Every structure is written in structure tokens, then in C-alpha cells.
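J.: For the sequence shown, the numbering used here begins at 2 and goes up steadily by one.
Honestly, the hints are just simulated from the structure, not real lab data.
Hints are not guaranteed to be accurate.
Stated by the list, open to error - Here are the simulated DSS-like cross-link-like pairs (lysine-lysine), alpha carbons at most 25 angstroms apart as the crow flies:
#, residue 1, residue 2
1, Lys196, Lys275
2, Lys196, Lys333
3, Lys196, Lys257
To be verified - Distance windows between CB atoms, simulated:
#, residue 1, residue 2, range
4, Glu256, Asp177, 35 to 45 angstroms
5, Ser39, Arg121, 55 to 65 angstroms
6, Gln90, Ala148, 39 to 49 angstroms
7, Asp177, Ala79, 46 to 56 angstroms
8, Arg131, Asp281, 28 to 38 angstroms
9, Asp76, Ala98, 37 to 47 angstroms
10, Gln156, His108, 18 to 28 angstroms
For clarity, every value in this text was computed on a predicted model and none was experimentally measured.
We put the beta carbon where it would ideally sit given N, CA and C, even for glycine.
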Amino acid sequence: MVGALLRRPDRLRDVREWLRPEDFADPQLGQAYAAIESLHAQGRLHSVPEDELVRAEFSAETRSTIIGNALTVKDALADGPAGSARYGQLMHDVLAAAPTSAAPRHHRYAHIVLEGSFRRQIEQRAVHMRLLSISAASGEVAAIDPAQLRHDLVQMSNRLSRASGFGTVNAVDQPDLIPIPATSPPANLVERAEKRLIAAVLADLEHGRPDLRERFEPRDFSTPEHASTWRAILAVGNTELAAPIDPILVAFETEKISGNPGLDAEELLAMSRKPAPVNDATLSTVAQAALYRHGQEMATTMHAAANDRGRPIRDVVDTARSAESQLQRDAKRLTGRPAQTPLTRVLDDAPTPRPHPPAEQQPRGRLR
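Please model the entire structure based on the sequences and the hints provided.
T.: Laid out in C-alpha cells, this is it:
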């Protein structure tokens with residue numbers, strides 16, 4: 002790409018709107034691309050006519066123009082004798098790498114550079130989410146901020162559209178995005194909280210806690226047994242019969258619809274007879290654990306898409322955006338937005354406490 006532009010710097014007009022120096026895997030090539038942009042804008046680089054480039058052998062004038070461009074870029078980058086030698090070798094290498102006629106291919110070269118950049122960026126964000134989880138286990142971070150991720154993915158989509166000649170088609174819309182937990186509560190607390198949700202539904206003989214059934218899905222539960230039981234609860238609750246969601250029906254439905262066994266009838270009966278209260282802490286524990294798992298699943302999806310070289314880059318970016326959007330839908334459902342829940346209060350920025358003056362400086366009431 003850089004070698005092609007040294008021959009025809011005027012071709013920058015076709016790629017400058019969507020290709021950036023940081024897209025190059027080699028930082029030196031990115032610096033060279035940035036220098037070509039700057040020098041061309043100053044009128045210090047010159048393009049060789051296309052009919053000159055397709056000749057079997059360059060004319061002396063053509064060769065002089067190309068070498069002059071390379072030396073101008075080298076001098077702009079060099080920061081001393083060592084830099085001059087390093088960038089001189091770089092200019093030699095990029096000129097040798099470019100085919101004789103680069104003009105018809107420069108746009109494709111730029112697409113390849115852009116695709117490699119986006120794959121690296123998506124993979125790096127997936128790895129970053131996993132590393133944050135490790136940091137969170139030691140108490141270093143509390144949550145993953147989704148705003149930058151959404152911004153970057155939308156920008157990738159827009160740059161792909163511009164590269165294809167369609168212009169910008171997506172606004173960087175950032176509604177009330179919910180931070181994603183970077184760690185999960187302890188497994189024993191999650192298991193206990195999930196059982197409380199199940200017991201609360203079974204104990205409500207009249208309605209079966211529709212608020213809980215609407216809020217949580219089987220994939221929100223941490224174990225196959227709990228997920229199968231919740232799936233059976235939803236199936237029983239969706240029947241046309243006006244019957245309570247009792248343990249026997251749930252146990253039967255679990256055996257019928259699920260490949261994984263749920264909680265057995267005896268345990269469900271015991272849970273329904275002595276249900277523990279479902280309070281805000283219970284809801285927060287289940288929601289935080291579910292969001293943590295869904296976030297890790299999103300990272301896995303993004304990592305796999307970025308490393309699948311058989312997938313077009315547009316499909317890779319769309320897959321990452323779809324996974325991010327699904328995670329935010331899950332977050333809103335689990336946290337009960339727009340109503341604020343204990344989980345969102347924990348994940349949102351804590352309010353700055355107002356300083357109070359010492360007792361002797363506090364204002365007194367009006368004297369009468």
C-alpha cells in the first residue's frame with residue numbers, strides 16, 4: 002500500500018476518508034502513510050502518470066520522481082542518522098514490494114490493511130474483557146464500560162461503508178448503556194439466590210410470580226439443572242390451563258422438554274413449602290452473575306469471529322455489533338431498566354459525598 006502511494010500519491014483521495022495510520026500492523030508503515038498524507042497535502046510529492054508505470058522499464062524521469070518521493074518521506078520521518086538509515090531501508094522495502102502498476106490495486110491493498118486492523122481490534126477487545134475479569138477478581142475494577150466498545154464498533158461499520166462507497170450509514174447512538182460486571186458473585190451465593198427465585202414461583206399458588214418469569218430466562222441461570230427447571234416453569238406458566246405452577250407439573254415438564262435433568266420433584270416440593278424471601282439482594286446476585294456470563298459469551302463470540310479468516314470483514318463487524326447489542330438488551334432486562342435496581346446502583350458511578358463542615362463551623366439557626 003505504501004509503495005503504491007509513493008508512485009501515485011494522488012490516489013490518497015480514494016482511501017484517506019477511511020484508512021488511518023493506526024490501521025497498519027507495522028507502526029513504521031503507519032508513520033510512513035501519515036507522512037505521505039501530510040507531504041501530499043503540502044504539494045511536496047508528485048504522481049507518476051499511469052501509462053508510465055505499465056512500461057517494461059521506467060524512464061529516467063519516472064524513476065527520479067518515485068525515488069524523490071521516497072527520499073522526501075524518509076527525510077520527514079528520520080530523527081537522526083539512525084532514523085535516516087532505518088527509514089531509508091523501509092522506503093527501499095516498500096518500493097520493492099509494490100508491483101509495477103499499483104494504481105488499479107491500491108484500493109484493494111487499503112481494504113486488506115483495514116480488514117486486518119478491524120480483526121485485531123475486535124480480538125483485542127475480546128481479550129481485554131477477559132483480562133478485566135481477572136483484574137476484577139483481585140478488586141482492581143468493578144465493571145466493564147460498554148460505551149467505548151459500542152462507539153468503536155459503530156465507527157468500524159461506518160468506515161467499512163465509506164470504503165465501499167456508501168458513506169456513513171450509522172450514527173454513534175449511545176443510549177443509557179449499562180456497565181457489565183467484570184466478575185461474578187461467589188458460586189454458592191448465586192446457586193442459593195437462583196433456588197430462591199424458583200421457590201418463590203412455586204410458592205405463589207395464585208399467580209406464579211409473573212414478574213420473575215418475565216425478567217429471567219433459562220440461559221440466565223448458572224447450572225444446567227436450574228436452567229432446565231426454569232425452562233419447565235416457563236412452559237407450565239404458558240399453558241392455557243389456569244393451574245398453579247406446582248412442583249409436580251414442573252418436574253414432569255422438565256423430563257419432557259429438557260435434555261438436562263432439572264431439580265427433582267422431592268426437592269421442588271420442599272422448596273415450595275419453605276420459600277426464602279426474594280429481596281433486592283437476591284435479584285441483584287442472579288442478575289450480576291448472568292450478566293457476567295453473557296459478557297464472557299460475547300467476548301468468545303467476538304474472538305471467534307475475528308479469527309475466522311473465511312468470514313468477510315463486514316460479517317465479522319456485524320457479528321460483534323449484534324453480540325454487543327444483545328448483551329445490552331440482556332442488561333436492561335436483568336436490571337429492570339428504566340427503573341433503577343440495586344444492581345444498577347452498584348454498577349453506576351457512586352455519587353460524590355457532600356463535604357460537611359466541622360460541628361463548630363456548621364451554620365446555626367436564625368436567632369429570634
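J.: Hints first: check each against the structure and report whether it holds.
T.: Hints, one by one, checked against the model:
Proximity of lysine 196 to lysine 275 is assessed by CA-CA distance (about 12 angstroms); at most 25 angstroms being required, the pair is judged to hold. For the given pair, lysine 196 sits about 22 angstroms from lysine 333 by alpha-carbon distance, which is consistent with the 25 angstroms threshold. The hinted pair formed by lysine 196 and lysine 257 meets the criterion: a straight-line CA distance of about 21 angstroms does not exceed 25 angstroms. Distance hint check for glutamate 256 and aspartate 177: the Cβ-Cβ separation is about 42 angstroms, which falls inside the suggested range of 35 to 45 angstroms.
Between serine 39 and arginine 121 the Cβ separation comes to about 25 angstroms, which falls outside the hinted range of 55 to 65 angstroms. Range check, glutamine 90 to alanine 148: about 42 angstroms between beta-carbon atoms, so the 39 to 49 angstroms window is met. For aspartate 177 and alanine 79, the Cβ-Cβ distance of about 50 angstroms falls inside the hinted range of 46 to 56 angstroms, so the restraint holds. Here the CB-CB span from arginine 131 to aspartate 281 is close to 29 angstroms, well matched to the stated 28 to 38 angstroms.
About 21 angstroms separates the C-beta atoms of aspartate 76 and alanine 98, a value inconsistent with the hinted range of 37 to 47 angstroms. A hinted range of 18 to 28 angstroms for the beta carbons of glutamine 156 and histidine 108 is consistent with their spacing of about 20 angstroms.
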